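Number of protein chains: 2
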Amino acid sequence: MTIELNSPLDMHLHLRDKEMLSVVAPLTSHSFAGALIMPNLIPPVDTKEALLAYRDRILDATQGDIFKPYMTLFFRDSYDYDFLKNFGNELTAIKLYPAGITTNSESGVSGFDIKKLAPTLEAMSELGLPLCIHGETNGFVMDREAEFVPIYTKLATAFPKLKIMMEHITTKESVDALDKHENLYATITLHHLLITLDDVAGGMLRPHLFCKPIAKRPIDREALLNVALNAHPKVMFGSDSAPHPKHAKESCGCAAGVFTAPLALAKLTEIFMERSSVANLQKFVSDNAREIYGITPPVKKVVLEDTPMNVPLNYGEVVPMYAGESISWSIKTIEK
Amino acid sequence: MTIELNSPLDMHLHLRDKEMLSVVAPLTSHSFAGALIMPNLIPPVDTKEALLAYRDRILDATQGDIFKPYMTLFFRDSYDYDFLKNFGNELTAIKLYPAGITTNSESGVSGFDIKKLAPTLEAMSELGLPLCIHGETNGFVMDREAEFVPIYTKLATAFPKLKIMMEHITTKESVDALDKHENLYATITLHHLLITLDDVAGGMLRPHLFCKPIAKRPIDREALLNVALNAHPKVMFGSDSAPHPKHAKESCGCAAGVFTAPLALAKLTEIFMERSSVANLQKFVSDNAREIYGITPPVKKVVLEDTPMNVPLNYGEVVPMYAGESISWSIKTIEK
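For the record, the sequence lines run as chains A and B. Heads up, the first sequence is in the working numbering, so the first residue is 180 and it goes up one at a time. Heads up, the second sequence is in the working numbering, so the first residue is 180 and it goes up one at a time.
For the record, the hints were derived by calculation from the structure and aren't laboratory data. It is possible that some hints are incorrect.
Claimed, not checked - Some, not all, of what chain A presents toward chain B, calculated at C-beta under 8 Å:
#1 M321
#2 L372
#3 L373
#4 D377
#5 A380
#6 L384
#7 R385
#8 H387
#9 F389
#10 G432
#11 Y494
#12 G495
As the list claims (entries may be wrong) - If you want the ones that stay clear, here's a sample from chain A, every Cβ over 12 Å from chain B, calculated:
#13 T181
#14 P222
#15 L263
#16 P329
#17 M383
#18 R396
#19 H426
#20 D466
#21 D485
#22 P487
#23 S507
From a predicted model like this one, the values you see are computed outputs, not experimental measurements. Every residue gets a Cβ at the ideal spot worked out from N, C-alpha and C, and that includes glycine.
Pulled out of the complex, with its shape left as it was, chain A reads as follows (with noise of 0.2 Å):
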């Protein structure tokens, strides 16, 4: 049996800089016709020249696939329309990082005074620029995106024409927030559908499967897998593959960060057959994400069937999700 995927897209990606780059950007551009690209590089991206010249890295990295990295700026409240404007079609959206809440995130927002970022924050909306959101408050960690809820309501009501991303989501609350405004949008990663913090740290404690936000209870799991097998009109597929050379996380302080973009299509698709499914998988993995941002992705037609795709130990440096085992569907063509 074979499933067919036009232009699949991840609406959220880390593809870090230099030798990381030039190991993680093909495993994404080979399977994906374009990614949402993560700005936080040290220093972050936060202009045009940084932007575009870690575009053409990107570019460089991809090796010729048909690949469109999608840019986003680090926010800043300094943020103007003619600044903005400025980017034309090269910028995609914003990404806003409370303060220190996960990797290269230090020079983020701290406090959330909406008079502080309006300007910003208008400008954006005037311009029809998306603002990705990293939502967790630093609190209890269990808790934290929980807590940061009320952050969405209040951007999301005092901005009502800035479409906001809660980015990764892994909570009911999260989930339950979708629905309550318009302009409120969601991307889920591979991993939060799949796991809970009982496989982080309810047996062995599995650094490789630490990431923020943290897993969270069976029941979170539940509703996210709800709104994406559903292919909930306003959740997308954002990976958040955040790659990490091994000993930075097996080691006395591991980094925090699941890899998944090589094996993210595939097991995508073992899950939704599962659960019978697969008719949305196609909305979940693309279409949304075409409508909510407004793009046309290259065309790129990926072909899934069900032989085993065995994981590597390591890619590089870095050690995938699923690292030694098998997966039940694998990529089997890929057409331009």
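With chain A's structure known, arrange chain B on it following the hints.
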């Protein structure tokens, strides 16, 4: 300033065996007058012969320190009155593990069928042998201990003359259970007075703070601190100090356990001093246990002073809590 402790006791300790035993036993026997020794070796300690031989290996490893190992047996529902009576004073308590719940617990109890457990538990009641329980279900990791409270209730009600020790409690629910049944007692570790899940997985993942039961919420830690600092007469210090080699902690499937033995008294003194509760420390680290277990440990006077202890990076292959950090109190003298 100095603080004097008389015959401090650690009522929940893992000493392991062989090489590891020789490294960790002196680190407890140096400063404690006695400790309740957990029986989860491979194979578990479940015969008189094994128990006496383990006791002798422990005494050999403690290098002549004044130290009494209070021995425990691995619970089996096949133990009867005569079998248990035959241990005489060599047996202090029996440790029950739900099957597969933690390190080397594969052959523990599955299900808690009162009828099946009754012969052994009635024999224990008659002999005045306490039952120590690792109280976790195999539910969601944050709920396991709270879910076990009804089992404590069931056992405490069915066997009113049996002293039941809720080992290394981590939740408000277990604290609340203490006052509901006369025959329920509890040990509390050092690390559960200090950390929450935020310390384990809220920033970077910290394998050396990963333990079972996993550290819970701030509200739980406050409940534990409250009964410990007030030396609630039904709570005792039990470190659950559980050494693993560094490579087993910093790896893909990190083993559960925090190693605190060598710094436990210094850190407890710091905590009790900082919270103006030092008058209760003697009860928490010795007197309550003597009363509950009816034991008279060897005389050993430990004097601590407010001079910093610099915690080494490792003891042999084992990384302690606070490795490379400093504690504001230290042991000054030990009089026998």
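Here is what the structure says about each hint:
The closest approach between the C-beta of A:M321 and any C-beta of chain B is roughly 7 Å, which is under the 8 Å cut-off, so the hint is satisfied. Taken as an interface hint, A:L372 does not check out: its beta carbon lies about 17 Å from the nearest beta carbon of chain B, beyond 8 Å. Because the closest C-beta pair between A:L373 and chain B is about 15 Å apart, greater than 8 Å, the hint is violated. A hinted interface residue such as A:D377 counts as satisfied when its beta carbon comes closer than 8 Å to some beta carbon of chain B; here the least separation is about 5 Å, so the hint holds.
Here the hint on A:A380 is kept, as its CB sits about 6 Å from the closest CB of chain B, short of 8 Å. At its closest, the beta carbon of A:L384 sits 4 Å from a beta carbon of chain B; the interface hint therefore holds under the 8 Å criterion. Because the beta carbon of A:R385 sits about 6 Å from the nearest beta carbon in chain B, less than 8 Å, this interface hint is met. Taken as an interface hint, A:H387 checks out: its beta carbon lies about 7 Å from the nearest beta carbon of chain B, inside 8 Å.
The beta carbon of A:F389 is positioned within 8 Å of a beta carbon in chain B (closest approach about 4 Å), and the interface hint is therefore held. A cut of 8 Å between beta carbons decides the hint on A:G432: the least distance to chain B is about 4 Å, and the hint holds. For A:Y494, the interface hint is violated, since its Cβ never comes within 8 Å of a Cβ in chain B; the closest pair sits about 16 Å apart. About 17 Å separates the beta-carbon of A:G495 from the nearest beta-carbon of chain B, more than 8 Å, and the hint is not met.
At roughly 34 Å from the closest C-beta of chain B, the C-beta of A:T181 stays outside 12 Å, upholding its exclusion from the interface. Residue placement check: A:P222 keeps its beta carbon more than 12 Å from all beta carbons of chain B (closest about 21 Å). Once the 12 Å rule is applied to beta carbons, A:L263 is consistent with being away from chain B; the minimum gap is 33 Å. Residue placement check: A:P329 keeps its beta carbon more than 12 Å from all beta carbons of chain B (closest about 20 Å).
Its closest Cβ contact with chain B, about 4 Å, brings A:M383 to no more than 12 Å, contrary to its assignment away from the interface. The claim that A:R396 is not at the interface with chain B is violated, since a C-beta of that chain comes within 12 Å of its own (minimum 6 Å). Residue-level check failed: A:H426 sits 10 Å from the nearest beta carbon of chain B, not beyond 12 Å. Every CB of chain B lies more than 12 Å from the CB of A:D466, the least distance being 34 Å, so the non-interface label holds.
No beta-carbon of chain B is positioned within 12 Å of the beta-carbon of A:D485; the least distance is around 29 Å. Even its closest Cβ contact with chain B, about 22 Å, leaves A:P487 beyond 12 Å, as expected for a residue assigned away from the interface. With 12 Å as the threshold on Cβ separation, the claim that A:S507 sits away from chain B holds: the shortest Cβ distance comes to roughly 23 Å.
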